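There are 2 protein chains.
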Amino acid sequence: MDIKTLENIDINLASISKINEVDFENLTFGNTFTDHMLICDYENGVWQKPVIQPYAPFTIDPSAKVFHYGQAIFEGMKAYKDERDDVWLFRPDQNFERFNKSATRMAMPEVPEDVFMGGLKRLLEIEKNWVKKGNGNSLYIRPFMIATGKGVVAAPAVFYRFMIILSPAKSYYSGEVKVLIAEHFSRAANGGIGAAKAAGNYSAQFYPTKLANEKGYQQIIWTDDATHTKLEEAGTMNVFFRINDTLYTAPTSERILDGITRKSIIELAKRENINVDVRPVLVDELIDAAKNGTLKEIFGAGTAAVINPIVGFSYKEDYFELPKIEKSFALDLKEKLTNIQYKVAEDTFGWTVKI
Amino acid sequence: MDIKTLENIDINLASISKINEVDFENLTFGNTFTDHMLICDYENGVWQKPVIQPYAPFTIDPSAKVFHYGQAIFEGMKAYKDERDDVWLFRPDQNFERFNKSATRMAMPEVPEDVFMGGLKRLLEIEKNWVKKGNGNSLYIRPFMIATGKGVVAAPAVFYRFMIILSPAKSYYSGEVKVLIAEHFSRAANGGIGAAKAAGNYSAQFYPTKLANEKGYQQIIWTDDATHTKLEEAGTMNVFFRINDTLYTAPTSERILDGITRKSIIELAKRENINVDVRPVLVDELIDAAKNGTLKEIFGAGTAAVINPIVGFSYKEDYFELPKIEKSFALDLKEKLTNIQYKVAEDTFGWTVKI
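Residue numbers (my numbering), protein chains in the order written: chain A, 80 to 434; chain B, 80 to 434.
Bear in mind the hints are in silico, worked out from the structure with no lab data behind them. Be aware that one or more of the hints could be misleading.
Short, incomplete list of chain A residues facing chain B, as computed with Cβ under 10 Å [to be verified]:
hint	residue
1	N105
2	V145
3	F238
4	M242
5	S246
6	A277
7	K289
8	G295
9	D426
Quantities reported herein were computed from a predicted structural model and do not represent experimental measurements. Every residue gets a Cβ at the ideal spot worked out from N, C-alpha and C, and that includes glycine.
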């Protein structure tokens, strides 16, 4: 993918940068933002001229539909800096494509490529000092769109705002992750919005996750809502299971996000001659494999954490600890994937895009 | 219910009222707002002092969790004015209770009764001229809460804002409503948030509803997501079916909103010696009843429209027109219910509460 520079844009630079106030060694994920943000408004069917301006709160009507009816979507991406100070994105075309699929599902307008990708390029050029070198460092990119149109009537808005904000990040380490397999709660319905990166999908998980936290589990492995027999996602990530030396993951569907890290891991694992089986994975299979010792690893896959190994899981009254293994697929694939992202290893897939 | 006046509140009145600019005979539902709004912020575990101030846009951070993770809930209520210029609410205790149930499901803090009810009383006292007399006129009340806490990490916010905004309304007439029975899309998952008045539930319906609109249907009758055999809600309303002289409606569940109009209609119908059967209603039963002529009426029930008669429905390739009937349960129950709300008939249930 070649990202064209967007020329039709207004740029108002901040008079002072906050960058020297930031302790880049001690960043909490998603809490620090760069000096600028991109805004592009959609009014009466037309995308207006985008603007890059200092990051700041903005005003919005109390009746804006995002507050009442949840028309809101987002993407999560990262920018990486290589040893030559070049800034790279990882498969941004996939984020752009998925963003507009989410938009369609939420009855929101599609964002043009020149605004999304070209605008991001301009923003990253301005904020390039916020992308730090070194494995684990990245600039997390959050493109999102909200319904700003007014009115407390349950119908799609006429006005929308697309924004990009940027947050510097260290490698994401969430400690030892134990998970609970969902027996009652679920994250998505058949014919619902589970495959969209829609805001409402995430808050729906907070309460069940809080209950899991109280029992000592950091995340939930979601199961299908009708039968709770199929393993679908882990927290806000896709999930992989290694039984013997085969990696299993559920196919994407209306209930399961088409994760970019997920699909990259599948391709990477195949290149490494790891057997990958994309098919529904049953809770019963997992329990059997845990009991007979063939279950080797479980890990989540997503942009923020890349790969998040899971050390154990609970189902009904039983807790299953995963074995400590010598040659972890999770750690090996994570290293190979991040080496591509940081331009340490050759990108034979053509996934990386220079800004 | 006795609503106590809230004393611990700051009130900043608007210098000029907009009321004379409003054409009360030609109101579009949910688009006009009164002069003032109530705001109460939740900061670090404590609800702050509420304030009533002029209705206006407010500032919010681009990383506010409402935009990214959809932590947002609301209620819909109405205030009515009787012939003696007294202002009345209809079962406000039920809205308050449901609001806090929604809050819990979305991992948001409960709003105290003195803020929700006492604050609403103060706001309505100030805005009483916006409540117009006469059947069909009302002041629609929209209490809502959003996560204002910052940060693009998928976890509950620490900061929230509770608000009440008010919108004058005429009787809600949506024209002849034809509905499509959902065969693929759905609004709620088992173990999901369908029973909460969570913002994300509503935008999830926009796209399927748009597709239905394009086929000439105004609303969708939602079915269970697993089998699409059970009839659950109509658009954003609960739904009733009259077969012969019995009214059927689905029981409330995790997938079905515990509607206040719904439960009031059930009680009212029982008082009128109408047989009411609350049980899952199957698509097949409806088709059979339509074919053999025993299906008399279908109607939606909700705060905005009160009762919304449906003139026909489509399922797969077939369209079924409902008969024109002499003695409509829908119209009769709507009249009896609104007579209670407008204090024209005696409220033997104790549903109405004076401000």
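Hint check results:
1. Look at N105 of chain A: its Cβ only gets to about 15 Å from chain B, farther than 10 Å, so that hint breaks.
2. For V145 of chain A, the suggested interface contact is upheld, since its CB lies about 6 Å from the closest CB of chain B, less than 10 Å.
3. Because the closest C-beta pair between F238 of chain A and chain B is about 13 Å apart, greater than 10 Å, the hint is violated.
4. Of the supplied interface hints, the one on M242 of chain A holds, with its beta-carbon coming within about 6 Å of a beta-carbon of chain B, less than 10 Å.
5. Among the interface hints, the one on S246 of chain A holds; its C-beta lies about 6 Å from the nearest C-beta in chain B, closer than the 10 Å criterion.
6. Because the smallest distance between the Cβ of A277 of chain A and any Cβ of chain B comes to about 7 Å, under 10 Å, the interface hint for this residue holds.
7. Look at K289 of chain A: its Cβ gets to within about 6 Å of chain B, closer than 10 Å, so that hint holds up.
8. For G295 of chain A, the suggested interface contact is broken, since its CB lies about 17 Å from the closest CB of chain B, more than 10 Å.
9. The criterion of a C-beta within 10 Å of any C-beta in chain B is not met by D426 of chain A, whose closest approach is roughly 27 Å, and the hint is violated.
Taken one by one, the earlier hints fail for this structure at numbers 1, 3, 8, 9, listed in ascending order.
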